[in-house]
Every structure is written in structure tokens, then in C-alpha cells.
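Chain B: place on chain A using the hints.
Quick note, the sequences are listed as chains A and B, same order. Using my numbering, read the first sequence as starting at 372 and increasing by one per residue. Using my numbering, read the second sequence as starting at 1423 and increasing by one per residue.
Note that these hints are calculated values from the structure, not bench results. One or more of the hints may lead you astray.
To be verified - No more than 30 angstroms apart at the CA atoms, straight line, and that leaves these computed lysine-lysine pairs for DSS-like:
id: 1; chain 1: A; residue 1: K858; chain 2: B; residue 2: K1513
id: 2; chain 1: B; residue 1: K1513; chain 2: A; residue 2: K809
id: 3; chain 1: A; residue 1: K506; chain 2: A; residue 2: K602
Said to hold, decoys possible - What follows is a set of in silico ranges between Cβ atoms, one per label pair, in the way DEER data are often shown:
id: 4; chain 1: B; residue 1: T1555; chain 2: A; residue 2: P655; range: 50 to 60 angstroms
id: 5; chain 1: A; residue 1: N650; chain 2: B; residue 2: M1596; range: 16 to 26 angstroms
id: 6; chain 1: A; residue 1: P948; chain 2: B; residue 2: Q1501; range: 20 to 30 angstroms
id: 7; chain 1: B; residue 1: Q1501; chain 2: A; residue 2: D875; range: 31 to 41 angstroms
id: 8; chain 1: B; residue 1: M1564; chain 2: A; residue 2: V789; range: 44 to 54 angstroms
id: 9; chain 1: B; residue 1: E1562; chain 2: A; residue 2: N632; range: 47 to 57 angstroms
id: 10; chain 1: A; residue 1: E570; chain 2: B; residue 2: E1556; range: 50 to 60 angstroms
All of these numbers come straight from a predicted model, not from anything done at the bench. Yeah, the Cβ is synthetic: ideal placement off N, Cα and C, and Gly gets one too.
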Amino acid sequence: MCLFRDMMSYFPEEVLEHVFDFLTSHRDRNAVSLVCKSWYSLERFSREKVFIGNCYAVNPERLIARFPRVRSLTLKGKPHFADFNLVPHDWGGDVYPWIEAMTKNGINLEELRLKRMLVSDESLELLAKSFPNFKSLVLVSCEGFTTDGLAAIASNCRFLRELDLQENEVDDRKGHWLSCFPDSCTSLVSLNFACLKGEVNVAALERLVARCHNLRSLRVNHAVPLEALQKILVKAPQINDLGTGSFVHDPDSETSKKMKNTLENCKSVRSLSGFLDVNPHCLPAVYPICTDLTSLNLSYAPGIYSNELIKLICHCKKLERLWILDTIGDKGLGAVASTCKELQELRVFPSDLYGADNAAAVTEEGLVSISAGCPKLNSLLYFCQQMTNAALITVAKNCPNFIRFRLCTLNPVIPDAVTNLPLDEGFGAIVQSCKGLKRLSVSGRLTDQVFLYIGMYAEQLEMLSIAFAGDSDKGMLYVLNGCKKLKKLEIRDSPFGNAALLSDMGKYETMRSLWMSSCEVTYGACKTLAEKMPTLNVEIINEGEDQVEASSSPDARHRVEKMYLYRTLVGPRRDAPDFVWTL
Amino acid sequence: MEGTHHHVQSDDLNFKATELRLGLPGTEITTSSSPKIIININNNNNKRSSPDNNESEEEDDNRVSSAAKSITAPAPKAQIVGWPPVRSYRKNNTAVVVGEEKKTEYVKVSMDGAPFLRKIDLKLYNNNKNGYTELLNGLEKMFNFKIGSEYATAYEDKDGDLMLLGDVPWDMFMATCKRLRIMKGSDARGLGASAV
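Chain A on its own, in the form it takes in the complex (with noise of 0.2 angstroms):
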């Protein structure tokens, strides 16, 4: 000890301050920041991006008192279960006042990347006039906001090189957001618009791209029509990542060839996205680009049967990254597993999502042909009709290099297709044969088995997802007790209780968070674990059929609909809406 602290003396702060500039992940800088007070010290004064999981573990009080200096704040707002509507859309997250608290301090910001958090317009307006320097803008799955917000940012931040909207519901006022980039706006390298709804002016978008020499990647929406697109590509081929609007046209037309002469110009195409409305006979006219791209998403383009689909994967062989619907079918999955050998991610999503009862859909043999002919694949969400064990074992097999693996069939207690038996067995080779495994998803009929192989090999998983799974709190329990290095954990409809909850109190001060609805916690419960544990904030969400009256203190013994907690450093929230209660 004393010769470290003898050690660290030598060396000026300057140098300490330049080694720091070398660590950009934020893990690394918190690791560093816990050695001693005077690195504690001089890492918070270097610190220019910040990540923050769950924005009420902290406030904007204590990131600006710790970090004067942070140029780019990443915040994630509702618990992942809100993106499938378990939560209120009211239940907060709302970034006014982190914005509010970093201009009236001062902080110059440059970059804000949220997730799942409220945006208004107002707030939108205060950013776009406090902070010169203004350059990047990211809204994942975000609401709250029109495109009179984004007129404000437009208008405001000279300096912008990103705006990137991705999967957010925003309503749209028909202004002219696209036209209040200023003549003197030259600086974008990113602009993804692709999720809007409403017109936009065209001729302005030509005009800016025109004019931003440094544009990287463009991704339209819907309303910007073929033709258009083509003559905006014409100024800008050096773009590496498309999303196209609707892609239809008469393939023997003027506008075909016009854009397959366009697109062959464009060279530095990697990644291609968009093809919201597609007739499968304008798919050609991309070929010229297929052969060097890295990313392809087709998982928002309708009605591509699996031969078209199949004809355009056989010329993307150096493809690294696939999003499709289902209805490339097997057959398709194996020709892209035939073709695609660069293969590292695949996202198979449902195509039918009301029943409609149409046969297009995936099952084991799809996933077992990817993992035989892409050794690569590290990163798999896929949506199928079945599933068995042994697919998934032969899948383990030929690809342990699995970082994320989420399974989801579209019947959530289905058994093995094959033997009928729960998929306890297909998850445990997952999980043993994949020791780098960080996040997983499980789905299909599954007994506490499957969470006790999970417990016993997912050293490395942070998060897990539960659905309709288990039997009783041994499961959980196998999972607490199992994974240690667990941040996150959300549950559904599973038959996990109070035992389990409250066995290990102090390992929810190591996670992020933890999620469980529809399953069998009390009330009792949870007021328990609220008052042994400050440090946690345990939230009920109240509302619906179970909603109890306010007045009335419900029972210890009344099962609890919807349970968030999460470890936080600053108590209960002051803005949770009337149905969240913090015990």
C-alpha cells in the first residue's frame, strides 16, 4: 500500500489526465474513479461522456456537481417492459429537467442520446437554444415530441452533425421541420428521419444534402418517394448508410434504370435499411450495392416473398448484420446461411402479430441452418412458430461465441415441437456452451430447471428475460443466487413469489433493476424489502383492474400487479405519477 501510494506521487496530474483520455468506456472510468480520491478526482474533471442506465438511480443535481465537464449524457428513461406496453405511458422519464439543470449550469453540451424517455417539444426548444455547440441528437423509442420540436433543433443548432430517430412515436404537425435547416447548415454527416409519418419538403432535403459534403448516412421515411430519393443520391454518393423511403416504381421505367445507375455510383454503401412500401420487382435495382454491404434491414418492408428475399441475399456475401421478417422462412434462412459466412447478428422478427393465422413463419430448422453456416453469429433474436431441444442444443454447439440470445416463440408456453417436453434442456446448452453469454431471453414451456442451468453457467449474463416461465421461487431464487454478475432482470406472468424476492435483499443493490408483473409478490412483500433497503426504490404500479383506492391502505397479503425497483442514490422520485407508488 505504501509503496503504491509512494508510486502514484511520481506522477504529475497532466499525466494522469492523458492515460484517462485513452478510456472511453464509462465501466473503465468507473473502475478507475474507485482507486483512490485523488484519481476519483481527476477522472471526474476529465469526464466527458456519461452513461446513465436508469435515470432516477441519479439526479441532474448530482451528475453536474460530479461531472462539470460532460459534453455527452446518455440516459435511459422507462424499464424495457414499457416497450411492450406493460407500462403507462405517463409513468415519467422525463429529460426537461436534465435539460434544465445543465443550462442554468452551464454545461456545454454537445451530445444527449435518450432511450425510452419523454421528450417535449419544450424541451426540445431548450436544448436547441442552450447549447452552442450543439452536435448530436439520438432519440431511441422516445415520445412526447412533434415535428415542431424538431423544427427548433433544426433551426437552432448551427453546428449539427446527427440527428437520429429511431422507432419513436411522433406526432406530426405537417410543418416544414426539414426546411429550417438554415442555408449555412452544412455540417451533417447523419440524418434518420425514416420513423416520421408526414409529408417533408423535398426540395429542401435535396438542397441540404447538397450541401453537407460530409453526409455519412441518410435514412428517409415513407413520404420521400422514389424518384426523389434517386435524384438526392445523385448529390451524395459518398453515403455508406441508406434507408430508402418507398421503394416502388415500374421496374421497366426510366426512374429503375435511373436508380440503378445512381445506386452503382454509390460505392460506399454498407448499410441499407428502409423499403417501407416495396414492390418485390424494384428489389434489382439494389444489387449493384449488395455486394459490399455489411447491414441490411428489411424487417419494416411488407409483402417480399421469400424468392425475392432470397435472390437479393445470394449477392450480399460479406453480410454482417441481418433484420428481416419471417416470412424469408426457412428455406430462406438457409440460403442466407449458405451465402452469408460474415453472418454476426440476425434479428428474425414476427411478420403476423394479430393472429392472422398465415403460414409464413420460421421454426428450429431455420435457426439450426444459421448456426451451421455462419460460425460468426454472436447475436440472435429471432421470433419462431416452434422450437425443440435438440435444435437448440446443435445450436449451442456451432455457435458458442453467443453475446446475446433472445428466443421468443410466438406461442410463449409452447413445448418441443418434437418430444413435448419443456425447453429446459435447449436453454441449458445455450447457457453452458456459451460462457460469454451477456443477455438472454427465454421463452416456450420451461420448469425451474431451465433457471437452474442458467444460475449455475451465466456467469457473465447482466440481463435475463422471463416470461410465462417456472414453477416455483426456486427458479428465481437459482437465478439471484446464480448470476452473479446480473444487472437486470424483468419478469412476467411467472409464478415467483415473496420467498423468492425477499431471499437476497442486498443483491438488488447490484443490479440496475428489477422488473416483475403478473407474478405472485405481495404487497406485504414489498413494503418489506422497501423499508430493509433505502437504498432501493420499490415502485408499484397501480392501475387497472387491480387498482386499489388510494385512501385505502391495501392489504400486506394483495398480490402486486406491477413491480419496478431500482437501486438509486437519491430516493424516491418526486415526479412518479398518481398510480406509482413508492413503498
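Structure of chain B alone, referenced to chain A:
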């Protein structure tokens, strides 16, 4: 304390058809009566059952029996809140995909008095604007007759009703026609030749 029918709506016609049932065949386990059907496995189900189901779930500690543990696969058509777990944005923006296009659409053709039926592929007539005319020509060739005062063509739709050929657009006819019938004699005279 009994739950109440807060969310049961009288126009919730398909409730029974889409209700998820869990448990061994022969057991009845009721699920939530709200329009969003919630599966509560092993749950003390304090939600009232649907009006047309005589079993009622009562007190909080009336737990669903261990029959719930052996779950039979629910009907795939039922709707569970938040399942499949797909982001609402994606849900709202995934067009309904109709499925692989069929290459042929053979339907039976019967002619009154003929001993055998025939089959004809309606898709053959799909490509041009004169679907009906071409179809009639095809039928005339097949059965060696002429549409006129003696014969009329009709078809049976998916409700089993006998319909006069030619009233609806070709695409709609294609989607609803289950079989064709060439009628002869007095029936034919009543119909007239056809609507075409």
C-alpha cells in the same frame, strides 16, 4: 371480494373465440374478462370470468388448482398483452402480410345433368381485364355449350350461397368463389344468362 366486469364490453364478440385456455383438457380455467386477455398462470385469479362462463373466480386466495401447472398450448390466435414482445412502434408499422401467393386456384365446376364434375383454374383468367368473359369462354369450351337462354353460370361463395356470376369485381370473385355451377333449364331461364 369479487372482481367486477369493469372491462367487459358487449361488442367484444370474439372474446370466446380468442380466449386463451390453460390446463388439462376437460378443466376450465378462466382468464381475465378484460378485452386485453391476461394469462395468469398459477394465479389467485381475482378477476371475474366472462359472462357466458358459469364458473366464477372469487376470493383472492382462491388459487387456480395445480391443473394450471400442466399447460396445454394456447390457441395461437389469442391476444396476450405485450406478446409477442415487439416494440409498439414496430407493431404499428408492420403491414399485415398475407402469405405466400398461390400459383393456382382450382375450383370444381358442375353442370346440371352431367355425370362428372370438372376443375378449372381461376388464376388462368387473372391477368387481363376480361376475367369473366375469358372464364365463360373457357367453360363453354370445357363443357361444349353456349351461354344463352338454356344455360346460366352461377357460383357458390364461401358462405355457401349460390351467386350469379359477374356482379362483383373479378378480384373479389376470385377470393370468394368456392365452386362454379352451370345451371340448365328452368333455373337458368329465371336467372337470365348471367350478369356479365
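We went through each hint and held it up to the structure:
{"no.": "1", "hint": "A:K858 to B:K1513", "result": "28 angstroms, holds"}
{"no.": "2", "hint": "B:K1513 to A:K809", "result": "26 angstroms, holds"}
{"no.": "3", "hint": "A:K506 to A:K602", "result": "27 angstroms, holds"}
{"no.": "4", "hint": "B:T1555 to A:P655: 50 to 60 angstroms", "result": "34 angstroms, violated"}
{"no.": "5", "hint": "A:N650 to B:M1596: 16 to 26 angstroms", "result": "21 angstroms, holds"}
{"no.": "6", "hint": "A:P948 to B:Q1501: 20 to 30 angstroms", "result": "27 angstroms, holds"}
{"no.": "7", "hint": "B:Q1501 to A:D875: 31 to 41 angstroms", "result": "36 angstroms, holds"}
{"no.": "8", "hint": "B:M1564 to A:V789: 44 to 54 angstroms", "result": "46 angstroms, holds"}
{"no.": "9", "hint": "B:E1562 to A:N632: 47 to 57 angstroms", "result": "50 angstroms, holds"}
{"no.": "10", "hint": "A:E570 to B:E1556: 50 to 60 angstroms", "result": "42 angstroms, violated"}
In this structure, the hints that do not hold are numbers 4, 10, in rising order.
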